[in-house]
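Dock chain B against chain A, hints included.
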Amino acid sequence: MLAFVGRRLLTAAIQLVALALIVFFAIRLLPADPVARLAGQDASRESYLSSQHALGLDRPVMVQFGAYIGVLPGSSGLLEGDFGRSWVTGDPISQEIRRTLPITLELITISFVLAFVISVPLGMICALRPGGIADRMTFGYSLFAGSQPEFWWGLLFIFFFFSVLGWAPPPLGRLNPMVTPPPVVTGFITIDSLLAGDGEALWDGLHHLMLPVATKVFVLSGPIVKMVRQNMTRVMTSDYVLYQQASGISPGRIALTALKNALAPTLTLLGILYGYILGGAVLIETVFSLGGIGQYAVSAVLAFDYPAIQAVVLVIAAISLFVYLALDVAHAMLDPRLQG
Amino acid sequence: MSESAEIDTALLQADFDAQLARPVSNTLFHVGAAIVALSLLLMVIGPWLTPYDIGRPSDEIMQPPPSLSQVPGLVRQMLAGAPHPAIHWLGTDSAGLDVFSRVLAAPRADVSIAVGANLFSLLVGSLLGLFAGTARPWVGGLTMRISDLVQAFPVFITGMILVTLAGRSNGTIVVTLALLYTPIYIRLTRSEVLTQRHRGFVDAARVLGKSEGWIALHHVLPNALAPAMIQASVTIGFAILMTAGLSFVGAGVRPPTPEWGLMIAAGADGIVQGEWWPSVFPGIAISITVFGYAAFGNGLERRHAR
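Which chain is which? The protein sequence lines are A and B, in order.
Using the working numbering, the first residue of the first sequence is number 1, and each one after it goes up by one.
Using the working numbering, the first residue of the second sequence is number 1001, and each one after it goes up by one.
Next up, chain A with everything else stripped away, as it sits in the complex (with noise of 0.2 Å):
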């Protein structure tokens, strides 16, 4: 097992610096000119040549790539877990992170264990009558739900809790601004407004949640039902459960164990999901103002802000990689056939 999980993570590293030394280079071979961008199309000459020098772009190439990984002497970098400073607010990047990326997590992880507690019901009553009214239904919803613009159907969702019924918060960020936010300890709103005992900002917190979470729980409730749907059906035609029929164990009991191996495979499955909605954020995050990693992704590349548009696609990769290991370890853990 520990060999198992050492070379998972050996390959994971390898990765990430895999994806470092790529995004550095893939975007300055870009034709893109983030100093005529940041100076202003119809600046000076002499503008344009301070801007790139206060950039650090007059440097060559190889010298910019050891300043950013910090082995110049008297400039942290990458290796001390520094991304540097935003091209356009100056600020550190590490700083800008902590604070966007905590949102990103808290919505996208409660969009997740609801369309997991959600989907796992769905798919294992498709998969007790395969063809079944209940299985074809189910079958063209996670079609259906797997394949849609979910910017949109947040949209339609604030049109109708929002502009018709009321229900819902204007779509304008994670709190009221009349609300006081609770100090922050993990940057989560949900969990720092617990700590702090506020209920105030804990109900404002979850009331602005409720259309972002409720968009992302359909559009992902989608694949998952697919998945246990597919492996539900897969454990229900094997040898043992027919052998458990014949022995005349209730078919309550059966779907029970059924349920423990249709789930291992799926969590491998779930890892790779996690890392593309995470990725995919930037979307919903958009349309709700959220102000989390995906909407600061958006800036950051609209503005040609390199050393942000390089930190956020580290923090998301290294995020999604971690997650699918996590996932792919249990799974391994719940099937040892797989740590050969």
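One or more hints might be untrue.
[As the list claims (entries may be wrong)] Beyond 12 Å from chain B on every Cβ pair, some chain A residues (computed):
1) 44
2) 71
3) 78
4) 120
5) 177
6) 180
7) 185
8) 246
9) 264
[Said to hold, decoys possible] Example chain B residues on the side facing chain A (calculated, C-beta under 7 Å, incomplete):
10) 1149
11) 1157
12) 1160
13) 1165
14) 1166
15) 1237
16) 1241
17) 1264
18) 1271
19) 1272
20) 1274
21) 1286
22) 1290
FYI, nobody ran anything at the bench for these hints, they're computed from the structure.
Think of the CB as a built atom: it goes at the ideal place given N, C-alpha and C, for glycine as much as any other residue.
Chain B in isolation, oriented as in the chain A frame:
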């Protein structure tokens, strides 16, 4: 994962897909096929069918669509050729452009980008997959590690970065999506090649003295392509979602091109004030189109498994 384990998984997959295949009805497949055909048709002729000029603003700004009770009257007037005011079936947007015309014209951008990107990555990916499946194991392994690496990038954010920094144009979006989707086809073709390589007809060709390269191109590839083509149907749908999403955040197609994601973004502010039609109709178009590709792909998969 070792080679043989991968083959086992692939076989197992085909096996239980076949078991899932039986019960679910064929209706979804036919609906999907019709939607796919319509979207391809509109990609070609959509911009020529528009009742209004898609680029010229008018003073009829933010007109709501006619209410359902008015529709029969309007249709009667139109059919009788009686004089009637300009009808905007889906309303107009904040620039006074006809929403219906723009929804019809948008597949020229959305569908052609998605189809183009997938043809591109299908071609490159299946050839690389064939290569990875037939070359020496270490070469194949290296190809797979590189494709793993591409897949470790967060798809949407990488798409935003590449399109924006390479200069926003339909061409860059096609190339970017093609790059991001190629690993899917490499993986798929390779695992299919590994299962096909030792089938009877391949061994027969070997006995006849055909070279390995000839066998790969003439016997293995054609048989390994089916799953890639099925995958293409589903991935074209996702590419439409991605194109619209990139445009929605301002990192995709340039305005004023009629494009569904741009239209939704332009109407987003109005939604809070109850002006729903400029955003809602293009969204319905995306929703139906992508669902159509998913249903079509799913149906193909079941037919293939049988």
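Right, here's what the structure says about each hint:
{"no.": "1", "hint": "44", "result": "holds (24 Å)"}
{"no.": "2", "hint": "71", "result": "holds (23 Å)"}
{"no.": "3", "hint": "78", "result": "holds (17 Å)"}
{"no.": "4", "hint": "120", "result": "holds (18 Å)"}
{"no.": "5", "hint": "177", "result": "holds (16 Å)"}
{"no.": "6", "hint": "180", "result": "holds (25 Å)"}
{"no.": "7", "hint": "185", "result": "holds (27 Å)"}
{"no.": "8", "hint": "246", "result": "holds (19 Å)"}
{"no.": "9", "hint": "264", "result": "holds (14 Å)"}
{"no.": "10", "hint": "1149", "result": "holds (6 Å)"}
{"no.": "11", "hint": "1157", "result": "holds (5 Å)"}
{"no.": "12", "hint": "1160", "result": "holds (5 Å)"}
{"no.": "13", "hint": "1165", "result": "holds (4 Å)"}
{"no.": "14", "hint": "1166", "result": "holds (5 Å)"}
{"no.": "15", "hint": "1237", "result": "holds (6 Å)"}
{"no.": "16", "hint": "1241", "result": "holds (6 Å)"}
{"no.": "17", "hint": "1264", "result": "holds (6 Å)"}
{"no.": "18", "hint": "1271", "result": "holds (5 Å)"}
{"no.": "19", "hint": "1272", "result": "holds (6 Å)"}
{"no.": "20", "hint": "1274", "result": "holds (5 Å)"}
{"no.": "21", "hint": "1286", "result": "holds (5 Å)"}
{"no.": "22", "hint": "1290", "result": "holds (4 Å)"}
The earlier numbered hints are all upheld by this structure, with none contradicted.
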